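Sequence lines, in order, name chains X, W and P. Note that my numbering numbers the first sequence so that position 107 is 107, with each residue one more than the last. If you count the second sequence from 1, you need to add 312 to reach my numbering. If you count the third sequence from 1, you need to add 683 to reach my numbering.
FYI, nobody ran anything at the bench for these hints, they're computed from the structure. Source: prediction; values computed, not measured. The C-beta atom is built at its ideal place from N, Cα and C for all residues, glycine as well. Keep in mind that the hints are not guaranteed to be accurate.
[Said to hold, decoys possible] Derived list of chain X stretches under chain W, where covered just means 3 residues or more per stretch with a C-beta under 8 Å from a C-beta of chain W:
# : region
1 : 43-56
2 : 68-79
3 : 98-109
[To be verified] Partner residues aside, some chain P positions facing chain W, computed with beta carbon under 10 Å:
# : residue
4 : ASP809
5 : ALA820
6 : TYR1003
7 : GLY1016
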Amino acid sequence: MPDAIAVQDLTRRFGDFVAVDRVSFAVATGEIFGFLGPNGAGKTTTIKMLTGLLHPSDGTAYVAGFDVADETEALKRNIGYMSQLFSLYADLTVEENIQLFAGLYGVTGPRLAARRDWVLEMAELTEHRTRLTADLPLGWKQRLALGCAVLHEPPILFLDEPTSGVDPVSRRHFWDLIYALAEEGTTVLVTTHYMEEAEYCNRLALMNRGRLIALDRPAALKAQMTDPILEVATDDAPKAIEALQHVPEIVEAGMYGRALHVMVTDEAAARASIQRTLAGAGRRVEHITVIPPSLEDVFVALVRRGGGAVVG
Amino acid sequence: MNLHLLRIREMVKKELRQLFRDVRTRGLIFVSPIIQLVLFGYAVNTDIRNTTMVVVDHDQTAEARALVDAFTASGYFRVVERSVRPAALVAALDRGDAEVGLEIPVHFARDLAADGPAHVQLIVDGTNSNTGTVALGYATRIMQRYAAEHTPGRTAAGVDLRVRAWYNPNLESRVYNVPGVIGVLVLLMCLLLTALAVVRERELGTLDQLMVSPLTPAELMLGKTLPVAMIGLIDMATITVVAILWFHIPFRGSVLVLLPAALMYIVAGLSVGLFISTISKTQQEAFMTMFLFLLPSIILSGFFYPIRSMPAFFRTITIANPVRHFLEVVRAVFLKGAGFEALWHQFVLLAVLASLMLGVAIWRFPKTIGR
Amino acid sequence: MSPHRLLAVARKETIQLRRDPRSLILAFLLPIALILFFGYAISFDVKNISLGVLDRSNTNESRRLIEAFTSSGYFTVTERLARYDDADAALADGRAQLILIIPPDFQKNLDAGRPAPVQALLDGGDANTATIAQNYADAIVAGYSADVVLAGRRVAPPLVADARVWYNEALESRNMIVPGLIAVIMSIIAAMLTALTIAREWERGTMEQLAATPVHRLEVVLGKLVPYVGIGLFDVTLAVVAGIVIFQVPFRGNVILLAVMTFLFLVGALGLGMFISAAVKSQVLATQAAMVATYLPALLLSGFIFSIATMPLPLRLITYIVPARYYVTVTKGVFLKGVGFNVLWPDAVAMIVFATMGLTLAIRAFHKEIA
């Protein structure tokens, strides 16, 4: 089976600024493929090129077998798209929005009725079909937007930060829907900056400053991490982090709530150094434990290794 | 061009739903024609009726009173103040209480009866040059007639000008202004409803959602503009009916002449609206651009500032203004019953301008949505 | 109320203004551009009226009459007609506005001392131009008549009217337009500027931020007002100078009086703009509302061009709530009439009422929204 999406050296420049820099990857049919990175990393620009909204400056990309540069008409019939902004019409009712997009995608007759009912049921909006979209809670709106994006049963679905601003419960619910779609064979390309969301993806591409810096399964990405990470709990996190600034064994330290996550070169040596330094600074250490790296730790480490800074 | 009827139909349906659901747009569509009709039917009035007048009569004779009566009987003048003090006249004009002052000296009646010419002083407030000019003309004519009636035999028979005004025999400015509202209103609708609607979709991100669908830019253009064209035509019909039934404006021509001109004009207006949407990032910018476009187009259209009186430079510019040509057609059709043979060159210019503007819109519009 | 906090708000507003090119253009460039544009483009002076001639007499006397028309400077012969039936078409397609028809027995009548009727057909469509053209034609024929008929016969005319025009002696429309224009433009600019900048604060949420500080809402309103009043005074100064220097409009009144009145007007107009923006809280809406609330009323209901006295009563009553009405009276009064406070005090009172109302409304709108 050919790849659903095949991207080679895709580049987009805006004047002197390179928003997407020679990105290459392939997505298999039925895969949930995640794009992870801070705002401004180039995720949205990449998606806009893949959906035919933006013309690539360089490189090639095939989506569902169509060249995104000049087979846009055929391309558009085969994809669904949902953007980070809620982009249905707030002043139309739920049903009117569905009808509009059905018309635009050529879904008519008995298929229209079937698809409309399916979307309403999927989004749990059957009872609210005549309500103005503006009056719905954000989580419901996003479900409707997803429904409108898959009305025409596209083989490939693009989701650009679909859950931004949505509460965790609705987010979870939304991901159930995405899994269901993927199980039926839909290829999903989704961008996010929620790290915990990225864990749901089959494979993950990490982007920073327009470049693809890593691409693998989430577990494999975490396994790549060789440096251990310590969680250090103290009585005063900000003062502690300041005190630890010049400890040689520390690669990177960051605050996570009241605790610090500290990436170190050597676990045993670092433990001792940290204990000593903090005691010297008059801080009380509650505990120091080794923790498994999160995707965020992986991301930060990868960016470090590349010698760059995280934008955003 | 590959147009898909179903997609256009859905877009038109969606646009109409949005247009009529929004309170503001509904107000714009229904209320603004009424406001404009009232304003231009009643307020924009250059007719001289009841011009305010102050009279200082030093003579206090029957003849003097007859002269004042001649003024008031004409219907053009209304006496608001009578006095015997010249200072009252000055004060009334200064305050703006009166626009015309008539001072009749002592011995007026005596001089009129005798050989010597009787003098009166007439003072016109020129602040409003327009009404000033007209009032001065009327006053002069009233006094000539008065002289002819009161001193028979002494005025020699001369050349007697009999003026007949065609198309608008009572010279009412409303007859000229009300049909003009059609041109202004239709343009306003075309600009506001297209430019703002497109830019709003861009601001909200719904434009992207449309552009990832199979909808083509041409279909989007049609979907956006067809409903507005319909509203424009409905507004036009409404104003025409109100003009005829309420304001009693004569409609002497044929709708079949008006309609093709209106369609070309609407195409021109919609094209400008689309063009503005391509150069504006926000609704705010679109609104300002529209204002900057609308202002000169209306001022240089002859809507209420006569083109003939403009300096040559501005007169030349008006040739590129579709509003001017459309207004000429509308007024000629309403008042003169003109047909194609009298209006062919307005039609040619409208056609040329509309196609030019449409060309620019078709060229720019697809570039600025999406890619 | 603390002058310190008030100044802080004013300073912040000035800095923001300085950094926003769009507002700067609106504040400084647009007013002067509008004055120049309107001042040059608009004129009501009726000249070059196109004259069609059907001379069926074709004698020396008839040629002299036509000559009298052309040498007046108001008429240009554009058509020489051969038959009466051509008159219809010449008027209908606008080749002539006035058609002079001299009957075959014109000279015979004159020689015999009988009244010699001459007919004129007038395109009455544009009532204003037509009325003025008619007056000119009347005056020309009367003058010709006096020349020809009375030539050689020393008959004194029985009634002589010493007609004089005050304030705008040559009845030039520019003198009417420029002072009124200052009022119209300032109404629009004031409302738009505040609508834009203050609605922006609501949109960006900085207004809530401001409300969280100890600053009193009166201080917010006044502090914001300060820079705009400054800009407005600057604009008016520029416009007045342009009016005097470029357009040669006489300035007969007192500068200080104009300055004080301008200040009162600006406070009211800006207050209105602030009220609108606080009430709708969106830049797009605020500009549109400001436009609707100021542009048409200032243009049409202020007495700028269309005399209020000729409007029907309901509209006349509405003009009392149009602030521009009072300011138009002031600018025209100070420029052309050179009148002082003794005449303009009612307008001053009205403007004080408006300023108070504008500020109160603005402050109350702020209060409600922030609380």
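Hint-by-hint comparison with the structure:
no. : hint    : verdict
1   : 43-56   : holds (count 6)
2   : 68-79   : holds (count 4)
3   : 98-109  : holds (count 9)
4   : ASP809  : holds (5 Å)
5   : ALA820  : holds (6 Å)
6   : TYR1003 : violated (14 Å)
7   : GLY1016 : holds (8 Å)
Taken one by one, the earlier hints fail for this structure only at number 6.
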